[in-house]
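Undergrad: Fit chain F to the supplied structure of chain B, relying on the hints for placement.
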Amino acid sequence: MRILTLLLLTAAVSFAGAVKLLNVSYDPTRELYQNINAAFAKQWKAKTGQDVVINQSHGGSGAQARSVMEGLQADVVTLALAYDIDAISQIGGLLPKNWQSRLPDNSSPYTSTIVFLVRKGNPKHINDWNDLVRPGVSVITPNPKTSGGARWNYLAAWGYALRQNHNDAAKAKDFVAKLYKNVPVLDSGARGATTTFVQRGIGDVLIAWENEAYLALNELGKDKVQIVTPSVSILAEPPVAVVDKNAARHGTAAVAKAYLDFLYSPEGQEIAARNYYRPRLKEVAAKYDKEFPHLTLFTVDDAFGGWQKAQKTHFADGGTFDQIYQQGR
Amino acid sequence: MKGNWFHQRSILPGFWPSLGVSMLYLSLVVLVPLSAIFLKSATVSWADFWAAISSPAALASYKLSFGASFGAALVNALFGFLVAWVLARYHFPGKRFVDALIDLPFALPTAVAGIALTSLYSENGWIGRRLVPLGIHVAFTPLGVLVALVFIGLPFVVRSVQPVLEDADLELEDAAASLGANRWQTFIKVIFPAVRPALLTGFAMAFARALGEYGSVVFISGNMPLRTQITPVLIVSRLMQFDYAGAAALAVVMLVASFALLLLINIAGSYSRRYMEAR
Chain B
645 MRILTLLLLT AAVSFAGAVK LLNVSYDPTR ELYQNINAAF AKQWKAKTGQ
695 DVVINQSHGG SGAQARSVME GLQADVVTLA LAYDIDAISQ IGGLLPKNWQ
745 SRLPDNSSPY TSTIVFLVRK GNPKHINDWN DLVRPGVSVI TPNPKTSGGA
795 RWNYLAAWGY ALRQNHNDAA KAKDFVAKLY KNVPVLDSGA RGATTTFVQR
845 GIGDVLIAWE NEAYLALNEL GKDKVQIVTP SVSILAEPPV AVVDKNAARH
895 GTAAVAKAYL DFLYSPEGQE IAARNYYRPR LKEVAAKYDK EFPHLTLFTV
945 DDAFGGWQKA QKTHFADGGT FDQIYQQGR
Chain F
143 MKGNWFHQRS ILPGFWPSLG VSMLYLSLVV LVPLSAIFLK SATVSWADFW
193 AAISSPAALA SYKLSFGASF GAALVNALFG FLVAWVLARY HFPGKRFVDA
243 LIDLPFALPT AVAGIALTSL YSENGWIGRR LVPLGIHVAF TPLGVLVALV
293 FIGLPFVVRS VQPVLEDADL ELEDAAASLG ANRWQTFIKV IFPAVRPALL
343 TGFAMAFARA LGEYGSVVFI SGNMPLRTQI TPVLIVSRLM QFDYAGAAAL
393 AVVMLVASFA LLLLINIAGS YSRRYMEAR
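In the order they appear, the protein sequences are chains B and F. Numbered by my numbering, the letters in the first sequence go through residues 645 to 973 in order. Numbered by my numbering, the letters in the second sequence go through residues 143 to 421 in order.
Keep in mind the hints are simulated off the structure, nothing from the lab. All C-beta atoms, glycine included, are put in the ideal place defined by N, C-alpha and C. The reader is advised that the hints may include incorrect statements.
Quick look at which bits of chain B chain F covers, simulated, 3 or more residues with Cβ under 8 Å [unchecked claim]:
1) 691 to 702
2) 826 to 838
3) 954 to 960
The calculated BS3-like cross-link candidates involving lysine-lysine, where the alpha carbons are at most 25 Å apart (straight line), are [unchecked claim]:
4) 205(F) <-> 825(B)
5) 331(F) <-> 956(B)
6) 931(B) <-> 866(B)
Bound conformation, chain B alone (with noise of 0.2 Å):
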């Protein structure tokens, strides 16, 4: 009887002229959506007249990606990784192989980087990633097998530790052992390891990512915490896309596609700037470009040929992740 009434309702809405859109995210972007899912909403109404819907999800980015292939009806996708999304389309099916190319900046409207967090005065002088290899130094950052976010920056270290030893890839491996002996909890997600840091004040360093530096500076004062930049990061690529399959099913394709264009309209741009995201658009960069400050960023394309191979070289059974721990047995 719910069930009929839910399925009446529903259709009274929609006969209404309310379009409904699910986007599932990953976890720290609850508030970026919020505020662009406003804007969008009052946009899109403006333009065509009809109200759209917009309800979002999230979770790890792995996970999320599982419940998507599993059934759950996104429209659109906003995960913490291309690999996810690959999944989603090479293990589920749910949208094209080329999926990455069919927006602009590699489908990722915004960027971020993996930047460091201390605590105030930087009582241990880390200023680089060589200084998170020093003995004595404590470094808090989450197991990149259980999180997606975690591989950034894993990946983040080894680039840099590539750069220093002329891509000598056994240095850069030695590099990443020696920092991963420096942790002494891997928390099975970001938020986990932001309160391992925060919280319980285990670590002298939280590799972060840079919008979730700022939020942890802002939820926790000023006074408590810093952001360091490294000289050289990784570019984080956040990448979005249409789940072709259900927005064809549900009917919501244009709307969909509307919705991530408007990411990479200058509202959107300015929205995701000022929740701490990097923006693609040089005017709207242009105008935060105090924010961010500037650093040597190199791309997973770029220093690792793409996901698929970072995954299997570093993150799969016996990856180098693995190595490093069974090294050091």
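TA: Chain F alone, transformed into the frame defined by chain B:
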């Protein structure tokens, strides 16, 4: 037992319908999801299956998962028995409050328990601050895993032993004493055998619960590869690689081993019960 495979010990009718409904219910609730895991794991070759379940990380995680669960169940069997004894035999102010407290680990979301325990036992925590100078590290060590598992397993032993102790015939103990048994003999020969089946059941449940626990352990263990990673965490990390078959393979190992252990404990329990009845 007569030579009849199916027989009822009740004068009430309805043997066949109730057996049928029970089997259907068990199949839907337990067997179907479990078979799905077996089917999923069967999608890989034997070599891949073997590689997944015998990797160094997997072996280390079995040791921790089964070891810590067994240890936690033992601790709970000992102290749970004590708590049940106190609740069943004595009256004291606040007894109802304590009684209600026992079930709290059932109700509390395990993640909450994990976070609370980690805050307490980490280096800067209220208890950890006092233990670390003594060289005792609890959070982010196998000991922390044990602490979390003891917490979530506590109610099982208490709740299975308590009613037996409450129903126990006190006259038996009086009789034992009047026949010259000392207190120790009364406990070992009269009280303990009566409680043993219930204690084994409680132990088995606490053990099984600990094996499947994920939420609280991920917070306190620190998830260090080869050191403090329980098997469920390894399963999740397989899933993060979209390696369903590998995850299912590990799950099959957990399932088969748990089932074998639980079966053993249950058989021991029913022997113990029959031994009691035979006397």
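Undergrad: Evaluate each hint against the coordinates.
TA: So, going through the hints one by one against the coordinates:
Given a C-beta distance limit of less than 8 Å, the hint that chain F covers the stretch 691 to 702 of chain B is violated, as 0 residues qualify and 3 are needed. Only residues whose beta carbon comes within less than 8 Å of a beta carbon in chain F count, and the stretch 826 to 838 of chain B has 6; three or more means the coverage holds. Beta-carbon proximity to chain F at under 8 Å applies to 3 residues in the stretch 954 to 960 of chain B; the threshold of 3 is reached and the given coverage holds. Restraint check: the Cα-Cα separation between residue 205(F) and residue 825(B) comes to about 23 Å, which is no more than 25 Å; the hinted pair holds.
With a C-alpha separation of about 61 Å, the suggested pair residue 331(F) and residue 956(B) falls outside the 25 Å cut-off, and the hint is violated. Of the supplied pair hints, the one linking residue 931(B) and residue 866(B) holds, its CA atoms being roughly 23 Å apart against a limit of 25 Å.
The structure fails to meet hints 1, 5 from the earlier list, while all remaining hints are met.
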